[in-house]
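Student: As a plain string of letters, each chain reads:
There are 2 protein chains.
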Amino acid sequence: MTKNEAIGALIEEGQNWFLPSLSVDCVIFGFHDGELKVLLLKHRHLNMWGLPGGFVYKDEPADVAAQRVLQERTGLQEIFLQQFHTFGDMERYDKEFHNRDLKKDGITVQSDHWLLQRFVTIGYYALVEFSKVSPSEDTLTEKCLWWDIRKVPSLMLDHKKILDKALQTLRMQLNYQPIGYNLLPEKFTMPELLKLYETILDKKLDRRNFQRKILNYGILRRLKEIKKGVAHKAPYLYSFDLNRYQEALSVGLQGGW
Amino acid sequence: MTKNEAIGALIEEGQNWFLPSLSVDCVIFGFHDGELKVLLLKHRHLNMWGLPGGFVYKDEPADVAAQRVLQERTGLQEIFLQQFHTFGDMERYDKEFHNRDLKKDGITVQSDHWLLQRFVTIGYYALVEFSKVSPSEDTLTEKCLWWDIRKVPSLMLDHKKILDKALQTLRMQLNYQPIGYNLLPEKFTMPELLKLYETILDKKLDRRNFQRKILNYGILRRLKEIKKGVAHKAPYLYSFDLNRYQEALSVGLQGGW
DNA sequence: ACAAAAGTGTTACTTTTACACCCATGA
DNA sequence: TCATGGGTGTAAAAGTAACACTTTTGT
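Residue numbers (the numbering used here), protein chains in the order written: chain A, 1 to 257; chain B, 1001 to 1257.
The hints are simulated quantities; they were obtained by calculation from the structure and are not laboratory data. Here the structure is a predicted model, which is why all the values come from computation and not from measurement. In this text, a Cβ means the ideal position worked out from N, Cα and C, and glycines have one as well. It is possible that some hints are incorrect.
Claimed, not checked - Reference excerpt, derived from the structure (chain A facing chain B, CB under 7 Å, subset only):
{"no.": "1", "residue": "N16"}
{"no.": "2", "residue": "P20"}
{"no.": "3", "residue": "T86"}
{"no.": "4", "residue": "L116"}
{"no.": "5", "residue": "V120"}
{"no.": "6", "residue": "I122"}
{"no.": "7", "residue": "G256"}
Claimed, not checked - Reference listing, derived: stretches of chain A covered by chain B, where coverage requires no fewer than 3 residues with Cβ under 8 Å from a Cβ of chain B:
{"no.": "8", "segment": "49-63"}
{"no.": "9", "segment": "149-162"}
Put together the whole structure using the sequences plus the hints.
Tutor: Below, the structure written as structure tokens:
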């Protein structure tokens, strides 16, 4: 399907397929080279960067839609997506936003066309293992790339706000949920885990106190060491104890009341 | 406006006024007699209990809609509502749900009528001071009452699930946010605050340790005592230090990393 | 042999827990 | 006067913060 065919189908049939006025957007975090990354798409028809997003089929649960949209737009499969906020302000609504670009492509639609209506979007976020992702484009997407969280380009509509909210949520979760599985390779070192936390929080932590605290959570298993080929002393490798990890996820980490 | 007129207007004009397929629902918590309460409506046309909810005008921010809906249905004004989750599963969708009741009223609508479509709903919750609320009904509502959280009746659609999620969220928030303002009278005693926490968490806390911890947050001001007319020793009265309270809200209470 | 990274440990301090005791009040 | 609820305190345990020292490795 060519670009214009794809857009054409969406414009013609979209209102029959999808729930009107509702969309989903995904904030996909990855970790690489000591940097927290986010996956962004450059939309062909809009010529702008934005979060992977899409619409919800009329008979499709919203959570499934998020999953599907992500798969369609990036090739990513079976990712654990978590809903974090729904964005329903009017500032989201720029009636001319899509229209400008459609016109540029020589496409004209009526002013009450569903694509030009106001949309409320449900935000989802996920943490994924960077190395396992091979971002891929589709007919509507020109580029699909990881961006350093501190260097994201200008984003369409309110996507920057959505991204910020996702990051804020992630930092909160760090306080009462184990994080790292899905974000690190199967086996990783303590310094790597430390670096992950420091990167997400954007601050230095004492490596010794960090190690003690994280080990006390009881969600890690230390393996036979190595991490060969590295300069200086070889660090131990760890992996998550999935059972304990899951339990910590449901129960929460630090007590409170 | 009579019941049927109100319903009639909604059926005729609703699709012109509101965003299709989207609604808001409010979980309003109150505290009274040592019980955590939730405000429920009995819908005239459905003859069932449910959360106060409604639709979003096409040019209205979702947060404002929640506010308005609450005002319309309960008379409650200027309540701090917090969005906590959006419910977009298919289990929400019972096509016959409204239709049955419309038929009962002798109203017939086409099967593709907007009211019969699937809806995604944004959940909001609030904590309010019980005594300041005088629940009031409107044309669509037969009753508006506080229910003990442990004794809620059977609710329409997935409202029980929404309520449970709100409660779960509230309990979480307790761990990193100050709670009590809006939920207690202007002046209150330490035992009352304790009881509030115990009620929300549904467990006993040590009153002495509780007092020390909560005072250390620095969000309370102790007033000249009294709380007269009470049996036994008269407890001190406290009130929230609004400045500190607000700051604690934004910064969060317990450290984490 | 040495710089840099990683492992381990120690001490002071704070917070949490689990208690005991005294005081004020209405019945 | 006494039972009950409320104010205050204290000692032990657990957790956190701020450190120093040793070990390993590639150059």
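Student: Indicate, hint by hint, whether the structure satisfies it.
Tutor: Status of each hint after checking the structure:
1. N16: Where the cut-off is 7 Å and the nearest Cβ of chain B is about 11 Å from N16/A, the hint is violated.
2. P20: Where the cut-off is 7 Å and the nearest Cβ of chain B is about 5 Å from P20/A, the hint holds.
3. T86: 4 Å, holds
4. L116: With Cβ-Cβ at 12 Å, over 7 Å, it is violated.
5. V120: At 6 Å from the nearest chain B Cβ, V120/A passes the 7 Å test, so the hint holds.
6. I122: 5 Å, holds
7. G256: 3 Å, holds
8. 49-63: holds (count 7)
9. 149-162: violated (count 0)
Hint check: violations occur at hints 1, 4, 9; the rest are consistent with the structure.
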